[in-house]
Amino acid sequence: MMILKELLIVNFIICGFAFLFNAPLSSLPKAGFGGAMGWLAHLGTVSLTGSVIIGSFTGTLVIALLGEMFSIRDKKPMTVFIVPGIVPFVPGFGLYNTMLAILEQDYSMAASYGTDAFFVGLAIAFALTIMLSINTYRKSKKQNRQMKKERESDKCVETTLSESS
Amino acid sequence: MNTDASKKLMIFALYAGEILLKNGAETYRVEDTISLLCRSGHYEYTEVFVTPTGIFVSIDQKGDHTGHMTTFIKRIKNRSINLEKISLVNDLSRRFVAGHVCLEEAMQELKVIDRSPGYPFWQKAVFGGMGSALFAALFGANFLEFFFALLASILVTVTASKMDEASFPPFVCHMAGGAVAALLAVIASGVVPGVEMDKVIVGAVIVLVPGVAVTNAIRDSIAGDLISGMAKGAEAVIIATSIAIGVGAVLKTWLLLTGGSLL
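These protein sequences, in sequence, are chains Z and G. In terms of the UniProt record's numbering, the first sequence opens at residue 1 and continues consecutively. In terms of the UniProt record's numbering, the second sequence opens at residue 1 and continues consecutively.
Because the hints were derived from the structure by calculation, they are not lab data. Mixed in with the good hints, there may be bad ones.
If you only want the chain Z side, here are some residues facing chain G, beta carbon under 10 Å, derived [to be verified]:
(1) I9
(2) I14
(3) A18
(4) P29
(5) F33
(6) A41
(7) G44
(8) P84
(9) V87
(10) P88
(11) G92
(12) Y96
(13) L122
(14) T129
Computed from a prediction, not measured in an experiment: that's the story for all the values here. The beta carbon of each residue, even a glycine, is placed where N, CA and C say it ideally should be.
So that you can see chain G by itself, here it is in the shape it has in the complex (with noise of 0.2 Å):
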């Protein structure tokens, strides 16, 4: 094969991974995925090295050949969780491998799937804080409760992802989420008597807090990935201290204020 031709399926490769691995695939999901592309145009000898920071990827063929080993890197940024770019990732890839697309026609396809916008922002920002609302729910929250920890969580939504708009640190839109739950949750136990504010604030909060990155970070350890892991863990426990620290700021503004106790 022509080194033409690897570029491009390089680059594919490439592309298909870093949307992977940009919409919070597992790391061995990233790795498998791009050795089975790479392997499908043959080249033997594929190592892929992923890390949640960066992609990179080495290739080279069997016996004797006059193109060289190719290289290459790839440099993740951002990352969120898409589960709908994933499965058609997965799906794109799958048929790819077995032949059913040509390398140009699934170009074509991944930057569809790549640009595509998924569900509406109110959409997510609505479900999401019922979702939420009712993880407090689950644990013994009554109807009252409910109603301020899903206007909490919807706020949080919002006040998270527009500050995340406006380029501000992850750090600083986690830390202005917690503060938004904490003091709504704080009038609204002053306010109307019977609301719990722990109920409310745990039921606004959960939409930032990084269970699923938790889990991802101790089962990547497991695994062996340990750099992958260990990344993981750094940015799941960075997101719970900053979300906390949000929190606790006005809790313990209110304390002094008021007096009293938090446990």
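Next comes chain Z alone, as it looks inside the complex (with noise of 0.2 Å):
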């Protein structure tokens, strides 16, 4: 009941802020599910492994797949639907507590939590570099048995054309 309710309110969120960079309405549903999915793997990481950094890592993975898949179906760029995606995973906490320990001039303490912080920022770019990196080598495996198969087609147009003549 409490996954069910995180859940939906991270579909309502990632609607918010779709609207706030002027996601196609279209792709508004899309994307809050994608978002709940990572959301989902992001919970189960966190309670076997209790890192967020890992949970961040995964729950983006899930959000970069499902907007791949997304993408090639409406053809329409990943970037309409992970944009919101990953909003929830934010490290806002983190970043609000390393003002404070900044602040109150206690430094290790600012360091842990601008540490973390950054951590689960990273994590998010890796994930996401490498779900586009299968998608830039899907792309030109793709493009090349295109032009395979031009190449064969030009020539099945060459042979005729000779035989012809």
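Once you've looked at the hints, go ahead and assemble the two chains, each given alone in its own frame, into the complex.
Below you can see the structure in the form of structure tokens.
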């Protein structure tokens, strides 16, 4: 029940930010769904490993994977689904605590909170990069196959032409 | 291809790149789109160099020809996020390369995309505030805290964008936004019992926090676009610092008046 409530909240967060980022209206439910699935993966990983950083990594991985599927199906750029989707992972409270620690001149606390927040950001970026490079690889393979096919069909045309002449 | 046609194509490609970059597309997407558009006009040698503050394009044709090598530069001043425009430009460039639209039509369509207003401001403020306040709820804010975070967040969005319209520098806009959030949170936590101010503040300023910018900066750096990575990172750090200065100034003043500790 708790988890269901959280997933619903995440869904609404993403829809809210999608409005702020001017995402197309038709992409809202999908972005929200992808984000909720990502949050589910995040919750599962955190309860398994106890690390928010690894949790953010797997969560973003799921969001990017679903975002890629949606982007292929709808022929929309991946960003539309991913940019609102990763908002719940943004380490807002970590950054806030860093600022409080700096105000209190407790610099070791500030370094500890700040490093945590920075690594969450790094984990998100890593997950996105991995998914993106897989996507680029898939695209280049598809392009190669298409070019090969075209070349073969060109050859066919040439041979038929030479035969007919 | 004569120079007139090449100029038209270049203007089209640069305009598309400009719209993409201004609305927060990734560096690689802008570079890919421009080079795809140029190559579709049979410019086999196309070099594109994109940074968050400018676009540089150089094109030339293969083989012997009388045309010259051409280079264009476009300066980009302001950036925001508008995913719909990215999506539309992406779609248009796809159709253009496939040959479904001619250059004049595509140019017209691009102008329409550039001028499209997007969602009305109040919708952005209210829904952004809702998302922002729910972020606090996700991390354990109760209903009252959610309510004040929503109120503060809408005020923050209004303050920041109104100051931006009055062409204050971004640093000052974000500082004012942070200060407004902290002020409302301090008042709310003082007047209403059971309201913790940190949840209200985080729930209010998360609309301004450059989470996406930080992620994009790291992503660009990993992908090898080091200059855009550094530039976006610098922008994100400056925004985060200015919010922290706004919030911190109010909190510190409040502490001086009442005593006590923050952590």
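Status of the hints after comparison with the structure:
| no. | hint | in the structure |
| --- | --- | --- |
| 1 | I9 | 5 Å, holds |
| 2 | I14 | 7 Å, holds |
| 3 | A18 | 8 Å, holds |
| 4 | P29 | 14 Å, violated |
| 5 | F33 | 16 Å, violated |
| 6 | A41 | 15 Å, violated |
| 7 | G44 | 16 Å, violated |
| 8 | P84 | 8 Å, holds |
| 9 | V87 | 6 Å, holds |
| 10 | P88 | 6 Å, holds |
| 11 | G92 | 5 Å, holds |
| 12 | Y96 | 5 Å, holds |
| 13 | L122 | 6 Å, holds |
| 14 | T129 | 5 Å, holds |
In terms of the numbered hints stated before, the structure departs from hints 4, 5, 6 and 7, listed from lowest to highest.
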